[in-house]
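*Asks:* Chains A and B are the protein sequences, given in the same order.
Under the working numbering, the first residue of the first sequence is numbered 1, with each subsequent residue one higher.
Under the working numbering, the first residue of the second sequence is numbered 1, with each subsequent residue one higher.
Just so you know, these hints were derived from the structure itself, not from any lab.
Just to be clear, a hint being listed does not mean it is correct.
To be verified - Taking lysine to any residue pairs in the SDA-like style, the calculated list, with each CA pair at most 20 Å apart, reads:
{"no.": "1", "chain 1": "B", "residue 1": "222", "chain 2": "A", "residue 2": "91"}
{"no.": "2", "chain 1": "A", "residue 1": "19", "chain 2": "B", "residue 2": "222"}
{"no.": "3", "chain 1": "B", "residue 1": "27", "chain 2": "A", "residue 2": "91"}
{"no.": "4", "chain 1": "A", "residue 1": "113", "chain 2": "B", "residue 2": "38"}
{"no.": "5", "chain 1": "B", "residue 1": "222", "chain 2": "A", "residue 2": "54"}
{"no.": "6", "chain 1": "A", "residue 1": "113", "chain 2": "B", "residue 2": "17"}
{"no.": "7", "chain 1": "B", "residue 1": "222", "chain 2": "A", "residue 2": "90"}
{"no.": "8", "chain 1": "B", "residue 1": "222", "chain 2": "A", "residue 2": "41"}
{"no.": "9", "chain 1": "B", "residue 1": "175", "chain 2": "B", "residue 2": "38"}
{"no.": "10", "chain 1": "B", "residue 1": "222", "chain 2": "A", "residue 2": "55"}
{"no.": "11", "chain 1": "B", "residue 1": "27", "chain 2": "A", "residue 2": "56"}
{"no.": "12", "chain 1": "B", "residue 1": "222", "chain 2": "A", "residue 2": "17"}
{"no.": "13", "chain 1": "B", "residue 1": "222", "chain 2": "A", "residue 2": "79"}
{"no.": "14", "chain 1": "A", "residue 1": "113", "chain 2": "B", "residue 2": "39"}
{"no.": "15", "chain 1": "B", "residue 1": "17", "chain 2": "A", "residue 2": "17"}
{"no.": "16", "chain 1": "A", "residue 1": "113", "chain 2": "B", "residue 2": "27"}
{"no.": "17", "chain 1": "B", "residue 1": "175", "chain 2": "B", "residue 2": "66"}
{"no.": "18", "chain 1": "B", "residue 1": "222", "chain 2": "A", "residue 2": "113"}
{"no.": "19", "chain 1": "B", "residue 1": "27", "chain 2": "A", "residue 2": "119"}
{"no.": "20", "chain 1": "B", "residue 1": "222", "chain 2": "A", "residue 2": "56"}
{"no.": "21", "chain 1": "B", "residue 1": "27", "chain 2": "A", "residue 2": "17"}
{"no.": "22", "chain 1": "A", "residue 1": "113", "chain 2": "B", "residue 2": "131"}
Said to hold, decoys possible - If you want a taste of the chain A side facing chain B, the calculated C-beta under 10 Å gives, among others:
{"no.": "23", "residue": "85"}
{"no.": "24", "residue": "90"}
{"no.": "25", "residue": "92"}
{"no.": "26", "residue": "96"}
{"no.": "27", "residue": "97"}
{"no.": "28", "residue": "106"}
{"no.": "29", "residue": "112"}
{"no.": "30", "residue": "114"}
{"no.": "31", "residue": "115"}
{"no.": "32", "residue": "146"}
{"no.": "33", "residue": "147"}
{"no.": "34", "residue": "160"}
Backbone N, C-alpha and C fix where the C-beta goes; we use that ideal spot for every residue, glycine too.
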Amino acid sequence: MTKTPFIHLKNLHKSFGSKVVLKGLNLDVKEGESFVILGGSGTGKSVTLKCILGLLTPDKGTMTVDGVNLLTGEPSEISQIRDQISMLFQGSALFDSLPVWENVVFKLLAQDKIRRSEGRSFAKDLILQVGMEERVLDLSPNELSGGMLRRVALARAIATKPRIVFFDEPTAGLDPITGSIINGLIRKSVDHLGATAITITHDIASCRQIGDRVGLLHEGKLRWVGPIKDMDKSGDAAVEQFIKGRSKGPLTATA
Amino acid sequence: MSFLRGLGRVSIRFLQKTGALALFFLKTIFLALRPPYYPREILRQFLDIGYFSLPVVGLTALFSGMVLALQSHTGFSRFSAEGAVATVVVLSITRELGPVLAGLMVAGRVGASIAAEVGTMRVTEQIDALTTLSTNPLKYLVAPRLLAGLLMLPLLVLVADIIGVFGGYLVGVYKLGFNPSTYLQETVRYLEREDVISGLIKAATFGVAVTLMGSYHGYYSKGGAQGVGRATTLAVVSGSILILSLNYLLTAILFHD
Chain A
1 MTKTPFIHLK NLHKSFGSKV VLKGLNLDVK EGESFVILGG SGTGKSVTLK CILGLLTPDK
61 GTMTVDGVNL LTGEPSEISQ IRDQISMLFQ GSALFDSLPV WENVVFKLLA QDKIRRSEGR
121 SFAKDLILQV GMEERVLDLS PNELSGGMLR RVALARAIAT KPRIVFFDEP TAGLDPITGS
181 IINGLIRKSV DHLGATAITI THDIASCRQI GDRVGLLHEG KLRWVGPIKD MDKSGDAAVE
241 QFIKGRSKGP LTATA
Chain B
1 MSFLRGLGRV SIRFLQKTGA LALFFLKTIF LALRPPYYPR EILRQFLDIG YFSLPVVGLT
61 ALFSGMVLAL QSHTGFSRFS AEGAVATVVV LSITRELGPV LAGLMVAGRV GASIAAEVGT
121 MRVTEQIDAL TTLSTNPLKY LVAPRLLAGL LMLPLLVLVA DIIGVFGGYL VGVYKLGFNP
181 STYLQETVRY LEREDVISGL IKAATFGVAV TLMGSYHGYY SKGGAQGVGR ATTLAVVSGS
241 ILILSLNYLL TAILFHD
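Between the sequences and the hints, there should be enough to build the whole structure, so can you do that?
*Replies:* If you want it as structure tokens, here you go:
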């Protein structure tokens, strides 16, 4: 693991009309690190990831990934960097019109990295890796349970062996046992790929299982950043309030 | 003053929306011309927009042709011009009713379905997922639908023309007592190639209009199920209005003397 920030966000601002979401967010993530952004609903966690992915454009600030400035860099360099990023979406975001196997190898097929005739067997290996049976390959996403959807989405996210993986609320809506299994799979996959990961969640158990370091997002900025093991003794009233789930404290519900 | 301010606000909003729609359309065309192409997705849209619209378009054409024969016979009998029924049916169907009715039926069936499908993909982040999977959503989702609208509507209208004329023939021969061969001779006597071609040009334009409105409203839908519902309604209403206004414009251009 190198010590230079691989993902570097500086003074990031983003507003939607009069609603200010990010107010000068700073974030450094080292290569190969698993970073968790904790925060309540509506605090701008997803917005942060969407800015890095290019799905949203920040109003102000700098975003650098592997030395490439994502706002002012060469378009070819930027698309090369973004091509190395995968994302597991909160609702899985699998394509309803395609069977599971095509969802899993969608990007590989789109980029002509594999032939269509190889797609199914390629997807089978990935599906087995995430603990599912071969029989799901030909099912439609709407025939799968929440936990299965998340596994398929994870298989899709790691199919291209990305250098960077984003996880958006990977355990939202899952029971604690399934959530724990998904967290374990995420950690295993990230370690296996040697990828840099950013997970956004409000699930403390998920945070402990997946992350190396954690930051608490509050009022558009990271309020506290530190190793997961220091989270319980952070000395920060907001972190303590979040961990213990207390309604009284510096954090207020925004959504 | 407040009236003028309101009028100005509405005008600016209209121009903004029109500009956004034009940019959406041009961007899609620009992307559609460059590889990669998505033949499977294009084929799926051809089937969905063309083949699966056949029953509804065919039935509409059949009954329209039948009603047209009945109505024109009732009207023309007042001044002893019943012989013109076959000509009126074929010209009305090929020039106007075929493309317009097929367009409106497709706007209801396909425009709504495109807006609902693309809108659901938007609110469930499937469109964002496409972007992260190195696939341009306009190219993958919108371009195949526009192409299918452009090519399938003329084919549908061609079928609708035949079925509509056949509907008129059924009523003319079996209800109004025309001689079958005379009816057929009258059908083709005044029909010119331009009558059919103008209808097909209209159909291609309506096909693009309907798929464009469905895709545009679906693509920019927001606010969950309610937003998708709103997008579906807007797609059908704006698609239908666009068909009727384009029909006038095209008729004025194609049939000016």
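*Asks:* Any hints this thing doesn't respect? Which numbers, in order?
*Replies:* Numbers 3, 6, 9, 13, 16, 18, 19, 21, 30, 31, 32, 33, in rising order.
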